[in-house]
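Chains Z and A, in that order, are what the protein sequence lines are. So the first sequence is numbered by our numbering: it starts at 65 and just counts up by one. So the second sequence is numbered by our numbering: it starts at 65 and just counts up by one.
Source of the hints: derived by calculation from the structure; they are not laboratory data. No experiment lies behind these values; they were computed from the predicted model shown. Cβ atoms here follow ideal geometry from the backbone N, Cα and C, with glycine treated the same way. Errors might be hidden in some of the hints.
To be verified - Footprint (simulated), chain A over chain Z, 3 or more residues, beta carbon under 8 angstroms: (1) 90-96; (2) 172-186; (3) 340-349.
Said to hold, decoys possible - Each computed DSS-like pair below joins lysine-lysine, with the alpha-carbon atoms no more than 30 angstroms apart: (4) Lys227(Z) <-> Lys227(A); (5) Lys303(Z) <-> Lys168(A); (6) Lys320(Z) <-> Lys68(Z); (7) Lys306(A) <-> Lys167(Z); (8) Lys168(A) <-> Lys129(Z); (9) Lys339(Z) <-> Lys320(Z); (10) Lys167(A) <-> Lys306(Z); (11) Lys306(Z) <-> Lys168(A); (12) Lys129(A) <-> Lys168(Z); (13) Lys227(A) <-> Lys167(Z); (14) Lys167(Z) <-> Lys129(A); (15) Lys168(Z) <-> Lys306(A); (16) Lys109(Z) <-> Lys293(Z); (17) Lys227(A) <-> Lys168(Z); (18) Lys303(Z) <-> Lys129(A); (19) Lys129(A) <-> Lys227(Z); (20) Lys306(A) <-> Lys269(Z); (21) Lys168(Z) <-> Lys168(A); (22) Lys269(A) <-> Lys167(Z).
2 protein chains.
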Amino acid sequence: MDFKACYNNYINTVNTALIVNMPPRDAYPSRIHEAMHYSLFAGGKRLRPVLCLASFELFDSMTAKVLPVACALELIHTYSLIHDDLPCMDDDDFRRGMPTCHKKFGEAIAVLAGDALLTEAFAMASSIGNTGYSATIISMLAAASGSTGLIGGQVMDLLSEDKPIDVELLEYIHRHKTGKLISVSVESGAVCAGADSTALSALTKYGEALGLAFQISDDILDVIGDAEKLGKNVGQDAKLNKATYPSLYGLEESKKKLHETVEQALISLQGFGKKSGFLCELARYVAYRDR
Amino acid sequence: MDFKACYNNYINTVNTALIVNMPPRDAYPSRIHEAMHYSLFAGGKRLRPVLCLASFELFDSMTAKVLPVACALELIHTYSLIHDDLPCMDDDDFRRGMPTCHKKFGEAIAVLAGDALLTEAFAMASSIGNTGYSATIISMLAAASGSTGLIGGQVMDLLSEDKPIDVELLEYIHRHKTGKLISVSVESGAVCAGADSTALSALTKYGEALGLAFQISDDILDVIGDAEKLGKNVGQDAKLNKATYPSLYGLEESKKKLHETVEQALISLQGFGKKSGFLCELARYVAYRDR
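Model the full structure from these sequences, guided by the hints.
Below, the structure written as structure tokens:
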């Protein structure tokens, strides 16, 4: 199967599992479930669950075992987008070409829909049952998403708006705001499959490089991307005076850095041989996407 | 030991565990950790963790085993208060006699502090380790707090502001907004201690009655309570046109209902004999408190 077909297969698996295991759209109180479904099924790339499934499949083919964790990652990602878009945060009106959750449902419901998706993530993850690694997985997800993970990155991003920031702070923000959840996606798949520490450490390196590549690529797309393809306005970072790779390093140097980061990701996978073909392609896809 | 001394003992145990296990106040980024500590150590009654510990002690004396779960319950409770107080929700300026989190730290940090406390709750709960009941406990906490639990109650509370509501809806709101987390506090303690299904079902009944008693008492205090003791304005429910037990049943009938509910709670504990003395006192304390 080629890369695109394989990626689409993963997406279908994740979407089916989400639909089956989430409280339905019309569950009481329906207003909150409509808002949760609206943001969750807005056509995301499902990058985090796909990473988790593909990492798991390096070691084990019984994906049903890891699927709840893959879904939990997407729920955490979606909650973080809803809250980031709020008027008191980035104040965005559009996301993936559609009105943001608070534009559609109002601010109160958007806050609560985010809260509910975050809570549902842990409900979903705990549905793997009382295995020998349940608490480990929950703890990894919470650490990656908490005040010293994703939320920490968002805090520093907010606090440094309209201020000159250095490379160190920029990297802290990116490593935390997007990097941690991407890394833990790869790691949690491997932990569910019982990977040994050597394999796990290689995959951690892959996940970190991929997270960085994702962010550099995001920054570059905000400069040279196509608003229609991206489903959001471009040039927003410059408008908000946000530090980005292009603003600190220049566009060409950022592209070079992106290329080196992809190479690092690929090198980390060498020990897995042919089996890691999909993850290699995925690194290139994340780095050189146009949306 | 008398009831007050015993309650204070539990509070000290919980506060010590929270201080030891939370990211410290000055952890980077310090702004978010200051906000989390500000709301968490604002002098709450620690009712939920105390219920969890006392329920556990009906069966087992090694409280260290259940302490992470007790702390998680307080983190969830604190997050829900911070988000409930936001301008887009109840828009409250004071909580426990102090400025609310968003008044002190701004709205963005308050949203993120709530998110971080919720996430930390699951990190904390997962620190019980990969036991035979870890996933069960996480799943119980998430169900009680999610879109068909606590959040569901908050949604219906918001959607019914300024509208006439019936007894059924009032009870849905209370059973979910406060009842579910109080019930699960009692239940999770018992599950950690390996209680059998008969004991568990008796404690569920106790938890449900206690949650209801707590809410009726809260509604009554908003009519006849002392603002200074409560640390918040009274008469808020009437001002916001909120349905409450007194507004639907009248004050005297509400007091009668409260009394009956306490009786139900006590009856549920009969099978535990003397050991349940503290939980009996706690039901009376919750119902007839002045703050």
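Now the hints, each set against the structure:
1. Check on the segment 90-96 of chain Z: 5 of its residues sit with their Cβ under 8 angstroms from a Cβ of chain A, so the three-residue criterion for coverage holds.
2. Three residues within the 8 angstroms Cβ limit are the bar, and the segment 172-186 of chain Z against chain A gives 11, so the coverage statement holds.
3. A count of 0 residues in the segment 340-349 of chain Z with a Cβ less than 8 angstroms from any Cβ of chain A is obtained; the coverage claim is therefore unmet, three being the minimum.
4. Among the hinted pairs, Lys227(Z) with Lys227(A) is inconsistent with the structure: their alpha-carbon atoms are about 46 angstroms apart, more than 30 angstroms.
5. Distance check on the hinted pair: Lys303(Z) and Lys168(A) sit about 29 angstroms apart at the alpha-carbon level, within 30 angstroms; holds.
6. For the suggested pair Lys320(Z) and Lys68(Z), the alpha carbons sit about 26 angstroms apart, so the restraint of at most 30 angstroms is met.
7. At most 30 angstroms may separate the alpha-carbon atoms for a hinted pair to count; Lys306(A) and Lys167(Z) meet this at roughly 26 angstroms.
8. Note on Lys168(A) and Lys129(Z): the hinted pairing is violated, with a Cα-Cα distance of about 44 angstroms set against a maximum of 30 angstroms.
9. A distance of roughly 28 angstroms separates the Cα atoms of Lys339(Z) and Lys320(Z); the hinted pair therefore holds under the 30 angstroms criterion.
10. Straight-line distance between C-alpha atoms of Lys167(A) and Lys306(Z) comes to about 26 angstroms, which keeps the hinted pair within the 30 angstroms bound.
11. Proposed proximity of Lys306(Z) and Lys168(A) is supported: the alpha carbons are some 26 angstroms apart, at most 30 angstroms.
12. Annotation: proposed proximity of Lys129(A) to Lys168(Z) is violated, straight-line Cα distance about 44 angstroms (limit 30 angstroms).
13. The suggested pairing of Lys227(A) with Lys167(Z) holds, with an alpha-carbon distance near 23 angstroms, which does not exceed 30 angstroms.
14. For the given pair, Lys167(Z) sits about 45 angstroms from Lys129(A) by alpha-carbon distance, which is inconsistent with the 30 angstroms threshold.
15. At most 30 angstroms may separate the alpha-carbon atoms for a hinted pair to count; Lys168(Z) and Lys306(A) meet this at roughly 25 angstroms.
16. The suggested pairing of Lys109(Z) with Lys293(Z) holds, with an alpha-carbon distance near 13 angstroms, which does not exceed 30 angstroms.
17. Under the criterion of a C-alpha separation no larger than 30 angstroms, the hint pairing Lys227(A) with Lys168(Z) is consistent with the structure, at around 22 angstroms.
18. Restraint check: the Cα-Cα separation between Lys303(Z) and Lys129(A) comes to about 52 angstroms, which exceeds 30 angstroms; the hinted pair is violated.
19. Distance check on the hinted pair: Lys129(A) and Lys227(Z) sit about 46 angstroms apart at the alpha-carbon level, beyond 30 angstroms; violated.
20. A hinted pair counts as satisfied when its Cα atoms are at most 30 angstroms apart, and Lys306(A) with Lys269(Z) does not qualify at roughly 54 angstroms.
21. At roughly 29 angstroms between alpha-carbon atoms, Lys168(Z) and Lys168(A) fall within 30 angstroms of each other, so this suggested pair holds.
22. Our distance criterion of 30 angstroms between C-alpha atoms is broken by Lys269(A) and Lys167(Z), whose separation comes to about 41 angstroms.
Hints 3, 4, 8, 12, 14, 18, 19, 20 and 22 from the list above are not met by this structure, while the remaining hints are.
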